[in-house]
Amino acid sequence: MPDEIINAPVQKKLFPLCLATKDLNHPASIKTYISIGGYEALKKILTDKISPSDLLEEIKLSGLRGRGGAGFPTGLKWSFMPKNAKGEKYLVCNSDEGEPGTFKDRDIIRYNPHQIIEGMIIGAYIMDATVGFNYIHGEIWNEYLSFGEALNQARQAGLLGKNILNSDFSFELHAVHGYGAYICGEETALIESIEGKKGQPRFKPPFPATYGIYGKPTCVNNTETFASIPWIIRHGGQAFNDLGVANSGGTKIFSVSGHISNPGNYEIQMGMPFSELLDLAGGVWKGHKLKAVIPGGPSTALVPAHTIMQATMDYDGLSKIGSSLGAGSMIVMDETTCMVNTLKRLSYFFYEESCGQCTPCREGTGWVYRIVKRIVDGQGRLDDLNLLKDVSQKISGRTICALGDAAAVPVLSFIKHFEVEFEYFIRHGKSMIESLND
Amino acid sequence: MIKLKIDGKSIEVQSKKTIIEVADEVGIDIPRFCYHKKLTVAANCRMCLVQVKNIGKPLPACATQVMDGMEVSTKTKFTKEAQQSVMEFLLINHPLDCPICDQGGECELQDTAVAYGASESRYAEEKRVVVNKNIGPLISTDLTRCIQCTRCVRFLKEIGGVQELGLVGRGEHAEISAYVDKSVESELSGNIIDLCPVGALTSKPFRYKARTWELVRRPTISIHDSLGSNLEMHIKDDRVMRTLPKENDAINECWISDRDRFSYEGFYHNDRLLEPMIKKNKKWLKVDWEEALLFIAKNINRSIAHEGQDSVAFLHSPQSSIEESYLIHKIADKIGTQNVDYRITQKNFDFSGTWLGCEISEIETLDQVIILGSNMRFDQPLLTHRFRKMVHQGGKLIFINALEHDLLIPLEKKIICKSQEYRTQLIQMLRAVYEIEPKKIINQDILAFIKKQKLNADTLQWMKQFVKGKNKKAIFLGQNALEANDASDLVFLANCLAESVSGLFGSLSNYPNGVGLDLIAHKQELKSTKDMMAKKISSLITLNIEPKYDIRANINLTDLIQKINFKVAITPYSGDAFDDFDCLLPMAIYTESSGSYINIARKLQSIKAITSPKGQSRPAWKILRVLGNYLDLDDFDYDSSEQVLCKVIHPKKRLAYPPLAAKKFNNKEKPLKKDGRNEIHPILPEQSDMIVRRAISLHSKKNKPLINIRQEVL
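Top to bottom, those sequences are chains F and P.
Throughout the first sequence, residue numbering follows this note's numbering, covering 1 to 438 in sequence.
Throughout the second sequence, residue numbering follows this note's numbering, covering 1001 to 1714 in sequence.
Careful: at least some of the hints might be erroneous.
DMTMM-like, lysine to aspartate or glutamate: derived pairs with alpha carbons at most 25 Å apart [claimed, not checked]:
id: 1; chain 1: F; residue 1: 344; chain 2: P; residue 2: 1172
id: 2; chain 1: F; residue 1: 198; chain 2: P; residue 2: 1120
id: 3; chain 1: P; residue 1: 1647; chain 2: P; residue 2: 1486
id: 4; chain 1: F; residue 1: 373; chain 2: P; residue 2: 1120
id: 5; chain 1: F; residue 1: 197; chain 2: F; residue 2: 242
Just a sample of chain F residues kept apart from chain P, beta carbon distances all over 12 Å, derived [claimed, not checked]:
id: 6; residue: 199
id: 7; residue: 246
id: 8; residue: 357
id: 9; residue: 417
Residues of chain P placed beyond 10 Å of chain F at every Cβ, according to the derived structure [as the list claims (entries may be wrong)]:
id: 10; residue: 1122
id: 11; residue: 1143
id: 12; residue: 1168
id: 13; residue: 1404
By construction, these hints were calculated from the structure, which means they are not laboratory data.
Built from N, CA and C at the ideal position, the CB exists for glycine as well.
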């Protein structure tokens, strides 16, 4: 089947906002970005001398919420930055996506880096930040290099550095890379890592807005969040808000992976029914039946097929069904998926990526993994399910950062929805799904 | 004022404190591992989770600030459940073999597990094993027991000054480690043994020597430096098994230096002198006390008869107690000689009254400090920490020294110059003061002298802030400056400088009982070691001095001692330093005797004997008292050291300390000799006295002992 025919309905429903340049020639170059109206917002701000507070109102109006997973209103977060603090203020773009199934920030950097840069410059203008960093995950090295090239292009065009576009506003932006630790996606661990220390979350309060990089006010936002900013300034906050639904303004990129016909990034308007998104991605592969979906990444709760089919893809829509939007890393599982084996893989991830700073997560994630592994190895005991639930609940809410909670979510949601499979595995020493398929 | 409730108890606190601090103040127990009152908050162990009303999840008491109207519950089911779950997590990978662990019986984890642990483990998988690291001769590691609380990491970084340990690796693989192939070199490293809440870091010299419940704990102090750190020695079968700090916020807080902690090993070195010895026909004979004392009396009396009373001299150690010094002075006085001194490393004697000039804890409150001529990390390791604290709190430190001595403190200004240039440095500082605020120099003589000096542009530059800042200032002269040939000039000039900037003036003298001995000596018309050299001395009695090593900086005095005919040493140790002596009397180590000491901040501390003297050795004050009897002197009938002390210090009268000042100032500007000897003489902490020179574990590979000490212990 020719490509155009597959893509025809898809194109209609997609709304490429952060990935605006993706399908153009030389998408990452500054020329391409300018050709679609890039840096216009910045120019307008600097020539018309729009006041930061007016811009902040626009961001608030847009209903933009943090795209990294927590969904905190961006305008509100930016208003926490102290206005008249002495010395440096830092702005950080968090491109440290490391959870299995997340790959949206990578594509934004790869195809549309200048939109991030413009978003950060506008953010710096609003918050009066002097220096910015884009912290890029250590496992996407090419994107780190290409982002550096984009920064050079921007510098040459007078968009970064001293007196941007001959105004009296200055802002310097650097690309920084991590070494692939999942924990460095946590904003305070990321700050430690930028300072050259071991990536470990800090206790909060104080929050980064008052005590961030080198103890200075710092604002950390996700890549997709920054990439949304130029559009908001260009078209107005209300226009952005209107793209989505109540409480979920704008568009969202869903990184669809798993048992899906056309895995990839799909940027859609918030509030699209799940079933439509599934169709956009070509449906479950091989004509199989849908079994369950992790809608926002492994740290969001698993949802069985019949529930997710009723849901809409926005913050409220997913929280209504007991999960959350997370970073929009949708993992689709078909009927052949063994939930016990899947949980083993996910709990291994959290075990391996725990930073080891605080006790419940350091000790608990290893314990959880070993119990699940024991079940998979055919050594499970019937009270293991209660033990798993108990241990997970004791990790949750007792750690310095939210990753302890994240580690507990898959365990609790997998057992909640598929307890039968776990029990079968324990009783028979083998997978129920694999037995059925044999 | 903040009002809050803990367990229903209403509490008012003034400043913003954390829940755990408030709970500790009112005596409510919250379990903890990573929290320590003197370290920064890590909040990583999660053991101190407590319930706070209207907050859905438990909060760490160590990191949560109290707020008005807060209601904290430390005993509810919610809290207990949270704490018990953390305890369970801590124990899953911790070995449950307390009976073979050196920490067993004094382990915070063990104690807390009794209250918060389950009786059975739900964890059936393999436990984590961590390979041990060799971090030096003092600290033994058993890292499988580590619970990653990072107290040791934070101590070395914040109190020690250098982060020598870190938590490497992630998650379950996180382990405490030094840098590759490095050991922990901090002179305060032993404190991490006390800080470790489990058996992961234990004392290497004490390892498997005794169990905590077999030990009797007795208080004493350290006399290895001038702080007089408070100690608790743990004793089994009349033998000191280990030394721990005894908390005293005015002196050592809850820390001690490694020298104080491990010096007890020296008490039991093979060199201990256990019987009186006399030399006859160039051969050493073991004799009883009677014979030895008669031998001494006979020779001293002969010396007096033939060459006069002035031919007898006494040298005692700056470590001597007030009682010992008093008795030695009394013997000299009764014999009729003025040859008594304890200032064995000093070369200039025209000043007195050395002391810190303030309380030890006051150092932390200073804003600008100049230290001149001090190898402080060697001399008083714990005092360095106070200056470190001062700088961490925003104070500025200017350091002028002859030795490139890294204080591990960020310095405002560092000047490395020859020791003979200290005087010039001070003159230039005063000259700069005159330039900035001429009226501040009050002393007219010095004013006239200063006016004539050339101004140094660099000194003017950095002195500007020091003079103009309206805050607490101080200038301290270190031991190296006090040992200089022109020490009295340094004291005089530094005094003027402090006066001109309305700051404190103090000295960082390293004489352990220097203040107490000065109190006894300064009133009397005594000769100094310098005067003694000009005379013909035929008999010498030394107390607690190992001449070759204790006086090695003072070459002239060493020569003098060699020339003396008849020499008696009252000493706890024998050794090659006494080869040319004629009689050795075995004296008890200071912990085996009672005695009183005054520390650098003028704090009088009396200690009691905590073990009995080894062999035939006797407390030095008793030896001196009996020697008085054998020399037929009157009024030597004391029954206790308290009686002796009363002669010096009246319990009801205030002590009349001499002010820290110089008698005179030599205002003749001497041109610097180009080939002048730069008198640095750093004494490493493990070389500072007879005891520590024999504490074998202190002599790590890196710092080789200056004398060859046999590697055996009694």
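Here's how the hints hold up against the structure:
1. F:344 - P:1172: holds (17 Å)
2. F:198 - P:1120: Status violated; Cα separation ~36 Å.
3. P:1647 - P:1486: Distance ~34 Å between residue 1647 (chain P) and residue 1486 (chain P) Cα, so the pair is violated.
4. F:373 - P:1120: Distance ~22 Å between residue 373 (chain F) and residue 1120 (chain P) Cα, so the pair holds.
5. F:197 - F:242: violated (42 Å)
6. 199: violated (9 Å)
7. 246: holds (26 Å)
8. 357: For residue 357 (chain F), whose nearest Cβ neighbour in chain P is about 5 Å away, the distance does not exceed 12 Å, so it is violated.
9. 417: holds (24 Å)
10. 1122: Label violated. Min Cβ-Cβ 6 Å, cutoff 10 Å.
11. 1143: holds (14 Å)
12. 1168: violated (8 Å)
13. 1404: holds (27 Å)
Hint check: violations occur at hints 2, 3, 5, 6, 8, 10 and 12; the rest are consistent with the structure.
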